[in-house]
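For this one, chain A is given, so just place chain B on it according to the hints.
Here is how the chains run, residue by residue.
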Amino acid sequence: GIQVEQSPPDLILQEGANSTLRCNFSDSVNNLQWFHQNPWGQLINLFYIPSGTKQNGRLSATTVATERYSLLYISSSQTTDSGVYFCAVGASWGKLQFGAGTQVVVTP
Amino acid sequence: EAGVAQSPRYKIIEKRQSVAFWCNPISGHATLYWYQQILGQGPKLLIQFQNNGVVDDSQLPKDRFSAERLKGVDSTLKIQPAKLEDSAVYLCASSLGGQGGDTQYFGPGTRLTVL
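In the order they appear, the protein sequences are chains A and B.
Heads up, the first sequence is in this note's numbering, so the first residue is 2 and it goes up one at a time.
Heads up, the second sequence is in this note's numbering, so the first residue is 93 and it goes up one at a time.
Chain A with its partners taken away, still in its complex shape:
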């Protein structure tokens, strides 16, 4: 199956800082999604982005499918951004392979 590697595994940020999370994958995909899992365990879909660039408020994502990586940018971080960020990829209809996640802690 497709291997998904996320980096860094852990990230500590001061409120207001910017950061970049990376997701590398081992094979061609037609489905890539970024999720945020909050401290209460709820998974929230941030982006559906198999290629190209998207922005939603302080978050943006870029996927370079030909080079098999995706980046998630967090700007002006807030304490509510804390949690685990997962990248999930898929080569077949609907099925997603999740990475191990990046644990983000934003301190006041």
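Do not take every clue at face value.
Stated by the list, open to error - No farther apart than 30 Å at their CA atoms in a straight line, the calculated lysine-lysine pairs in the DSBU-like style are these:
#1 B:Lys136 x B:Lys107
#2 B:Lys103 x B:Lys163
#3 A:Lys96 x B:Lys163
#4 B:Lys170 x B:Lys107
#5 B:Lys103 x B:Lys154
#6 B:Lys136 x B:Lys175
#7 B:Lys103 x A:Lys96
#8 B:Lys107 x B:Lys175
#9 B:Lys175 x B:Lys154
#10 A:Lys96 x A:Lys55
#11 B:Lys136 x A:Lys55
#12 B:Lys136 x A:Lys96
#13 B:Lys103 x B:Lys136
#14 A:Lys96 x B:Lys175
#15 B:Lys175 x A:Lys55
#16 B:Lys107 x B:Lys154
#17 B:Lys136 x B:Lys154
#18 B:Lys103 x B:Lys170
#19 B:Lys136 x B:Lys170
#20 A:Lys96 x B:Lys170
#21 B:Lys170 x B:Lys154
Calculated from the structure, these hints are not laboratory results.
Computed from a predicted model, the values in this text were never measured in an experiment.
Quick look at chain B alone, frame taken from chain A:
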């Protein structure tokens, strides 16, 4: 629009007992997924339904796990008998469906503890 509903939210059982989880997807979503998330790991797909048919159950331990989606709406996941290693959060997700995949929306999960 209501999100994905799951129940119960928490369940504690002893090993060798049976347990069932229920999921109601977002209205109109044809595809339903069950994931298992072990502490510290990303979710792992157990089974995927398209309407009431199984699309993928390659990672479902079929000797003890079963799932059904009668009438193509809500779904039930059952474990019988449970083992200690089944302790995890069981997540249900849904999407509109369609070739190439769609945005998946997750429910709050059921946290299972097997003693």
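Hint-by-hint comparison with the structure:
For the hint linking Lys136 of chain B to Lys107 of chain B, the alpha-carbon distance of about 22 Å falls within 30 Å, and the restraint holds. As the CA atoms of Lys103 of chain B and Lys163 of chain B are separated by approximately 26 Å, the hinted pair is consistent with the 30 Å bound. With a C-alpha separation of about 22 Å, the suggested pairing of Lys96 of chain A with Lys163 of chain B holds against the 30 Å cut-off. In summary, the hint linking Lys170 of chain B to Lys107 of chain B is supported, as the alpha carbons are separated by about 14 Å, within the 30 Å threshold.
A C-alpha spacing of about 21 Å is found between Lys103 of chain B and Lys154 of chain B, which places the hinted pair at or below 30 Å, so the restraint holds. Using a Cα cut-off of 30 Å, the hinted pair Lys136 of chain B and Lys175 of chain B holds, with the two alpha carbons roughly 17 Å apart. For a cut-off of 30 Å, the pair hint linking Lys103 of chain B to Lys96 of chain A stands: about 27 Å separates their Cα positions. For a cut-off of 30 Å, the pair hint linking Lys107 of chain B to Lys175 of chain B stands: about 5 Å separates their Cα positions.
Between the alpha carbons of Lys175 of chain B and Lys154 of chain B the distance comes to roughly 14 Å, so the proposed pair stays at or under 30 Å and holds. Restraint check for Lys96 of chain A and Lys55 of chain A: satisfied, since their Cα atoms lie roughly 22 Å apart, inside the 30 Å limit. Distance restraint check for Lys136 of chain B and Lys55 of chain A: the Cα-Cα separation of roughly 26 Å lies within the 30 Å cut-off, and the hinted pair is therefore satisfied. For the suggested pair Lys136 of chain B and Lys96 of chain A, the alpha carbons sit about 10 Å apart, so the restraint of at most 30 Å is met.
This hinted pair checks out: Lys103 of chain B and Lys136 of chain B have alpha carbons roughly 20 Å apart, not beyond 30 Å. A threshold of 30 Å between alpha carbons decides the hint, and for Lys96 of chain A with Lys175 of chain B the separation of about 26 Å falls inside it, so the pair holds. For a cut-off of 30 Å, the pair hint linking Lys175 of chain B to Lys55 of chain A is broken: about 43 Å separates their Cα positions. Pair hint Lys107 of chain B plus Lys154 of chain B holds up; C-alpha atoms about 17 Å apart against a cutoff of 30 Å.
Taking the CA atoms of Lys136 of chain B and Lys154 of chain B, the gap is near 15 Å; set against the 30 Å cutoff, the hint holds. Proximity of Lys103 of chain B to Lys170 of chain B is assessed by CA-CA distance (about 13 Å); at most 30 Å being required, the pair is judged to hold. Under the criterion of a C-alpha separation no larger than 30 Å, the hint pairing Lys136 of chain B with Lys170 of chain B is consistent with the structure, at around 16 Å. Distance check on the hinted pair: Lys96 of chain A and Lys170 of chain B sit about 21 Å apart at the alpha-carbon level, within 30 Å; holds.
For the suggested pair Lys170 of chain B and Lys154 of chain B, the alpha carbons sit about 10 Å apart, so the restraint of at most 30 Å is met.
Against the hints set out earlier in the document, a violation occurs for number 15 only.
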